[in-house]
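Visitor: In case you want the letters, here they are:
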Amino acid sequence: MRRVLKLATAGAAATLVLAACGEAPTEEDTNAAGGENAESSEAAGGGEEAGDFKACMVSDSGGFDDQSFNQSGKEGLDSSVEALGIEGVEVESQADTDYATNVSNLVSQGCSITIGVGFLLEDAIQSAAEENPDTNFALIDSAFSDADFAPVELDNAKPILFNTAEASFLAGYLAAGMTESGTVATFGGLQIPSVAVFMDGFADGIAKYNEDNADADVQLLGWDKEAQEGAFSGDFENQSQGQTLTEQFISQGADIVMPVAGPVGLGAAAAASESDGVHIIWVDSDGYLTASEYSDLMLTSVMKQIGPAVEQTVTETVEGGFSNEPYVGTLENEGVGLAPYHDFEGEVPEELTTQIDEYRDQIISGDLVIESPNSPQQ
Amino acid sequence: MSTATQPHQATPSDETSVQRTRPKVSLKSTIVYALAALVTLLAWVLDTPADARTTFQFGSSGDLFRIPNVPVPALGFLVVLLVVMLAATAFSFWRYRERRPLPAWVHVVVGASFVLAFLTFVGAGRSTVIPMVSLLAGALALSVPLVFGAMSGVICERSGIINIAIEGQLLFGAFAGAVAASAAGSGYVGLIAAPIAGGLVGAGLAWFAVTFRVNQIIVGVVLNTLIIGLTGFLFSTVLSDNKALWNTRMPLPRIRIPLLADIPVIGPVLFNQTILVYLMYALVIGLQIMLFRSRWGLRTRAVGEHPKAADTVGIKVNVRRVWNTILGGAIAGLGGAFFTVGSGLAFGREMSAGQGYIALAAMILGKWNPWGAVMAALLFGFSKNLGNVLSTIGSGVPSELLLMLPYVITILAVAGFVGRVRPPAAEGVPYTKS
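Top line first, the protein sequences correspond to chains B and F.
Be aware that the first sequence starts at 508, since it is given in this note's numbering, and climbs by one per residue.
Be aware that the second sequence starts at 4, since it is given in this note's numbering, and climbs by one per residue.
With the rest of the complex left out, here is chain B (with noise of 0.2 Å):
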């Protein structure tokens, strides 16, 4: 028993350095950005408020080195951090069941904002948000709904969304125009309005090429968005999942994939890596530079700007702006992207770029407008 007993202890000892490891960069972050918390008031000098300002965050079960939404979710709150010099706390989620619990933790913690990154943290974020009217609330790439899924406005949580339609658009027009076999593919990983946008606008992307070039039949796999079903690959986990999905889809003589899937892209990109002349859309961050084991086959990315969302909001509210009215990331205020070509550059014919730049400037200018029953409502 006395030996169960100094095991207990020495593993309760052992969490708690481990614990305390896990604790330091956040530390270090706040020192950083707003030196000693005395100091900071006077450090930061535009507003006394700044220094008792606490910017919180809470990832999705993916966490935030995922080299996509998270991580860019995180480099928002980062960089908002040392700009303002106000506090900044992030908590990793590590499945599913963690989401109400870490949100409720920061909201008891005192944080004057708690952003949810992602769909997943919608009911959440939700329930927290009308449990705590005095604190404000922001959530990435979900609005709220009801229980029937009617949408839902809440005083104190502002929904950060994106209408990636519009960028997937062009990826899929260029890549109608990039593919040599004529077959072009996309998977998911859940099918989740902020996964199925990207592969709406891919689909139309390609239909507007055929459309455009009357010898043109560049056949897109793994979406169909009338009948909005198409291939998943299950999780945001399983990287040997997405590389098989990805076999699968190159033994069908698809030469251009769009994994829609956060990590799981790492498996597609992988299976491109050993066949000859597949190349990868990446999607969320430019994937050239934060997947740069694989940038070679990089064509281009679909970028979905968090990061500059997430410190526009965080700004807003440390001068006390906060609103509840959703930010809608689009072509137009560049909340949404195409990655540049990188190595393609010279690969990609002078008329396939000037007619991407012309539809985006229709999209800009509302003569061209993608539709997506994903697409946040606006």
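Only pairs whose alpha carbons sit at most 20 Å apart, straight line, appear in this in silico SDA-like list of lysine to any residue:
#1 B:K561 <-> B:N612
#2 F:K246 <-> B:E582
#3 F:K246 <-> B:S799
#4 F:K246 <-> B:T797
These stretches of chain F come out as covered by chain B in the derived footprint (C-beta under 8 Å, 3 or more residues):
#5 125-132
#6 140-154
#7 234-243
#8 345-355
#9 389-399
Since the hints were derived computationally from the structure, they do not count as laboratory data.
Note that beta-carbon positions come from the ideal geometry of N, C-alpha and C, so glycine has one too.
Start from chain B and add chain F according to the hints.
Guide: Quick look at chain F alone, frame taken from chain B:
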């Protein structure tokens, strides 16, 4: 295939032998075959237009031009397959009337015909192809970690330790394999580090389960959570700080076995693989023999079935259990290396994604038998990749249903063919000399 585990059926006279085999003959197979034929007829044959064709692809991506795609008239092929299934039904009924057991190959023939019929129906009239090689190759790839995990489970549970920590062993193996391979600049180094990491997790399990007699399921779950946390923490700190040093992907080269790899369809699937897959073949065959034909196997099974009796004849029960758990952990750790070096991927957070639990289920499905567990793992991998193929060719089946496919098939297999399973008698019970 499961004869080796059955209690010895020493039968002195023919009379009792007939008595014994009689209950084994049942109409179950006949009914299942008839149902398969019925589904084929009603759902597929009647629904396929007469002029539709299904294109089968037998080449792999390397030799697509050597083996051309084969278009077959869908309806005609479906009718042929239907006839095969009906013949099997009649044959099994005849065997039932004769009171003779059905050979195992009939199951295989009916199963293959049924799957082929389904693929023919799905591919009928489409411009997309049914890629046979990548269907099977992907199925094998998805099965590899399950097979390693299930073998780990067999070794541990046969000696009486419940190994829920397979998930953690896979994940830690994947992590250590990736880190060691990346630091050393060779995928093969990862294959040395991965089993060590898995073995450490196994040692942790054995330590708590044997020395402190803690509930093994609880220790296993705690270890899994610990490994998820630990690898996630290291991933977001050490590995992402210096990605080039610690987490560069180091694929193992594929080794093509001459001659064998030239067999159509099966060759490129089975014999153009990395060394990890060849190790898996050796492991399965070796374990099947060792468990039932060696002194180690006999002692392991004795310790798991009746530890007191084993102790009485001088087998050190707890020492055996500890070593088996460490060995099992090492095997699962090696399987974890498939997620990283074996697939040419860098490490990613929680990349084992619950496969360890599926491996455990495969082991139970296979009745704690290496060979049976392999079959269950392959069935799972195949049905998962079948879902992938269906979603890529645009079959119109909702993706949620396709993602459920492996689980549905597994449940049907358990209910229909496996029936009652019996775990080792002393499983999960700590042994103390009294």
